[in-house]
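A.B. asks: Residue numbers (our numbering), protein chains in the order written: chain X, 1 to 308; chain F, 309 to 670.
Hints should not be assumed to be uniformly reliable.
Said to hold, decoys possible - Derived list of chain X stretches under chain F, where covered just means 3 residues or more per stretch with a C-beta under 8 Å from a C-beta of chain F:
1) 197-205
2) 218-230
3) 238-245
What the hints assert, rightly or not - Now the in silico label distances, taken between C-beta atoms and shown as ranges:
4) F:P387 to X:N152: 52 to 58 Å
5) F:P387 to X:L125: 27 to 33 Å
6) X:S30 to F:D482: 36 to 42 Å
What the hints assert, rightly or not - Calculated from the model, a selection of chain F residues having no Cβ within reach of chain X, i.e. all distances over 12 Å:
7) L340
8) G374
9) Y443
10) E455
11) R528
12) T534
Everything labelled a hint here was simulated from the structure, so no lab data went into it.
Glycine residues also receive a C-beta, built at the ideal position from the N, C-alpha and C atoms.
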Amino acid sequence: MAQTSLSHPTAPVSLEAAPALPTKRDALLSLGARCSLPVILLLAVGFVAPLIAIFAYSFAKPRTFEVFRSFTLVNYAEIFNGSNTVWLSFLWSLGFAFATCALLALIAYPIAYGLNRVFGKWSSLVSILFVFPLFVSENVRLYGWVLFFIKNGVLDGTLKMLGFEGGPQILFQPPMILAGMLYVYLPFMLFPMTLGLAMVPRDLIDAARDLGANRWQIWREVELPLAMPGILIGMLLTFVLGIGAVAEAKILGGQSVIVISHDIEIAFTYSQNWPLGSALAVVVTIFIGALTLAVFSRLDLDRLLGRR
Amino acid sequence: MTQEAAPKLPILQLVGVRKTFNDFVAVEKIDLDVIEGEFLTIVGPSGSGKTTLLRMLAGMDQPSEGNITLHGERINEVPPNKRPTCLVFQSLALFPHKSVGDNIEFPLKVRGVDAKARKARALELMRVVRLPESYHSKNVMKCSGGERQRVALARALAYDPEVLFFDEPLSAIDYKLKKVLEKELKDLHKETGKTFIYITHSLEEAMVMSDRIGVMRAGRLVQVGTPEQIYNHPVDRFVSEFVGEVNVIEVKKEQDGAPWRGIDVPGAFHVRPPEEDAEADHAFVVIRPEYLRFLGAGDTAQNSLKGTVYNEYSLGSRIQYQVRVGEKVMLVELSRSKALPIAADRSVTVGWDAADAITVRA
Ligand SMILES: Nc1ncnc2c1ncn2[C@@H]1O[C@H](COP(=O)(O)OP(=O)(O)OP(=O)(O)O)[C@@H](O)[C@H]1O
Ligand SMILES: [Mg+2]
Numbered sequence: 001m002a003q004t005s006l007s008h009p010t011a012p013v014s015l016e017a018a019p020a021l022p023t024k025r026d027a028l029l030s031l032g033a034r035c036s037l038p039v040i041l042l043l044a045v046g047f048v049a050p051l052i053a054i055f056a057y058s059f060a061k062p063r064t065f066e067v068f069r070s071f072t073l074v075n076y077a078e079i080f081n082g083s084n085t086v087w088l089s090f091l092w093s094l095g096f097a098f099a100t101c102a103l104l105a106l107i108a109y110p111i112a113y114g115l116n117r118v119f120g121k122w123s124s125l126v127s128i129l130f131v132f133p134l135f136v137s138e139n140v141r142l143y144g145w146v147l148f149f150i151k152n153g154v155l156d157g158t159l160k161m162l163g164f165e166g167g168p169q170i171l172f173q174p175p176m177i178l179a180g181m182l183y184v185y186l187p188f189m190l191f192p193m194t195l196g197l198a199m200v201p202r203d204l205i206d207a208a209r210d211l212g213a214n215r216w217q218i219w220r221e222v223e224l225p226l227a228m229p230g231i232l233i234g235m236l237l238t239f240v241l242g243i244g245a246v247a248e249a250k251i252l253g254g255q256s257v258i259v260i261s262h263d264i265e266i267a268f269t270y271s272q273n274w275p276l277g278s279a280l281a282v283v284v285t286i287f288i289g290a291l292t293l294a295v296f297s298r299l300d301l302d303r304l305l306g307r308r
Numbered sequence: 309m310t311q312e313a314a315p316k317l318p319i320l321q322l323v324g325v326r327k328t329f330n331d332f333v334a335v336e337k338i339d340l341d342v343i344e345g346e347f348l349t350i351v352g353p354s355g356s357g358k359t360t361l362l363r364m365l366a367g368m369d370q371p372s373e374g375n376i377t378l379h380g381e382r383i384n385e386v387p388p389n390k391r392p393t394c395l396v397f398q399s400l401a402l403f404p405h406k407s408v409g410d411n412i413e414f415p416l417k418v419r420g421v422d423a424k425a426r427k428a429r430a431l432e433l434m435r436v437v438r439l440p441e442s443y444h445s446k447n448v449m450k451c452s453g454g455e456r457q458r459v460a461l462a463r464a465l466a467y468d469p470e471v472l473f474f475d476e477p478l479s480a481i482d483y484k485l486k487k488v489l490e491k492e493l494k495d496l497h498k499e500t501g502k503t504f505i506y507i508t509h510s511l512e513e514a515m516v517m518s519d520r521i522g523v524m525r526a527g528r529l530v531q532v533g534t535p536e537q538i539y540n541h542p543v544d545r546f547v548s549e550f551v552g553e554v555n556v557i558e559v560k561k562e563q564d565g566a567p568w569r570g571i572d573v574p575g576a577f578h579v580r581p582p583e584e585d586a587e588a589d590h591a592f593v594v595i596r597p598e599y600l601r602f603l604g605a606g607d608t609a610q611n612s613l614k615g616t617v618y619n620e621y622s623l624g625s626r627i628q629y630q631v632r633v634g635e636k637v638m639l640v641e642l643s644r645s646k647a648l649p650i651a652a653d654r655s656v657t658v659g660w661d662a663a664d665a666i667t668v669r670a
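Next comes chain X alone, as it looks inside the complex (with noise of 0.2 Å):
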């Protein structure tokens, strides 16, 4: 550019400035790139960095830390091996994220459409009973529902204490742990569903009633189409986080059910084996990933939003 105008015969003004301007601007990053280099370097150091250690450290001979300096898929094979019983592990975890994806889809659905349309003025007080808990640390949550159910513990033995049997004695089974992924991730459902119906114009359904549906027909029609990229947001964080979710297992399920995650920890830190337990990681972000990107290829966000 600076040679352009340079070389001009007729733009004397510009001269002067030319030489000055470009020289600036080659220098410095675009405004867009100065504004995200923020973000940019944490992700780098926060998000890159970690993930390139991992899968370094995955090929890596096992129960070593002979990262870079050795190659080997002996921790890959240790995992499909048929012996081994991680594969358990991963169908618990595929198992309750599946179920909690699928039941927190079931509850929180009647929720947000309440949010939208029956709570009127209570909506924004109800929003914020159901981000509540979420200023409590999860751990010490799901320790509270410990400390409630647990034999001798409030439930049971205020029961005892009034002369009745006791309470039931449900934790450490595989339905508690269930319960206790409900309850942690219903906001992760319910704030993006809320969001999706919110985006269905009233007038849509005004429309679509006018013009003979029925409301069942109105909701299939119309508003599930339409509050569908919020729902799929929904369902694939709760699906993410409920594969990742280690403390429901570990806190509410005693030691009865391994997930993977639990796995993963134990490889590195009872076993010492970083590099099984960086494998394992591995499979797992490849898996969630490729899970990822085919809910979202065939989740046209745009045409889902009638933008095109």
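Given chain X, work out where chain F with the ligands should sit, using these hints.
C.D. replies: What follows is chain F with the ligands alone, placed relative to chain X:
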């Protein structure tokens, strides 16, 4: 009562219909008979309750008081999907995730019409509203404003309603296309023979299309009549001003038979008594700009006012002058051939005859 040649029955009747939102009265005691097959337009400024009225007629809201009857049957609580009426929304309310064809077929689909018959009907309706057949599979959001308009219309027609409501469907469309669509809508009304109730805040639009016009103001239906009645016999200052740009002079009667005294401009004026109330002694004289003229030497008129021209606008074949008379601005419209040679700051006398002005009660 004498038998008329073709007795036209009211299809929709409103009796004392009122709608309040908490303490706010949006629609106040409306009585109205809608005649079968007519094109009735409701006009009124923003917030006058037009949409609220229409929503009650369509069944989306229920009146707080009063009754709405269709063919003599009370329908206050009948839901919209059970009424033989259909509303074309201000926003059009097209389904963004459906194609043009699927939008039009929607009312047929929910009624259980099979896919083949649906498509045939959709294509037929697309011809009626002048949409090319190839648009059947086009995404509605890719259509232009005018095309969407036609889709919304075709969709409403697919429902095959007896009464069609329109809530300012042309408000977001450019002038030229608006004129075209207005004409098409009028033609469609003739072809279908259905009852059309149309809402707009442009009286110009109403004048072009309607058999009858109702003027709303602050929730009330101030006047209902033919375009001619509304134009030439407005019941009050509001209606007269709504019809278009007018000059309004406030006058008081001092003595029977004598000229009336001007209140907001000095002078005495020959005034016809208000049609609505011949005994009134306080009234507004409404003079359309085209009925005012500049008086040169030797010209006479029953009434005259002295003022100064301070602005002129070209309205195509006509020129509008703004004339300052004391504190007031009067509008005078002349055909271009009669234009003043040098207008600005010129002292002029504007005049009119009592017969050219309308008097409405204050
Ligand atoms: N659901 C509602 N709750 C409270 N007030 C309302 C509601 N709907 C309408 N109103 C009020 O009623 C009045 C009439 O509204 P309406 O929409 O009928 O006006 P309109 O004549 O259609 O205006 P516009 O030409 O701007 O569309 C407005 O003052 C509006 O604020
Ligand atoms: Mg409106």
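A.B. asks: Work down the list of hints and note, for each, if the structure agrees.
C.D. replies: Consistency of the hints with the structure:
1. 197-205: That given contact holds, which follows from 3 residues of the stretch 197-205 of chain X lying within Cβ reach (below 8 Å) of chain F.
2. 218-230: holds (count 4)
3. 238-245: Coverage by chain F is violated for the stretch 238-245 of chain X (0 residues, Cβ < 8 Å).
4. F:P387 to X:N152: 52 to 58 Å: This hint holds: roughly 57 Å between Cβ atoms.
5. F:P387 to X:L125: 27 to 33 Å: holds (31 Å)
6. X:S30 to F:D482: 36 to 42 Å: For D482 (chain F) against S30 (chain X), whose Cβ atoms are near 38 Å apart, the range 36 to 42 Å holds.
7. L340: It holds; L340 (chain F) is separated from chain X by about 21 Å at its closest Cβ, greater than 12 Å.
8. G374: G374 (chain F) clear of chain X: closest Cβ-Cβ about 21 Å, beyond 12 Å.
9. Y443: Per Cβ check, Y443 (chain F) is outside 12 Å of chain X; nearest 15 Å; holds.
10. E455: Non-interface label on E455 (chain F) holds, nearest chain X Cβ at 15 Å vs cutoff 12 Å.
11. R528: Correct as stated: the minimum Cβ-Cβ distance to chain X is 25 Å, above 12 Å.
12. T534: Holds, because the least Cβ-Cβ distance between T534 (chain F) and chain X comes to about 29 Å, which exceeds 12 Å.
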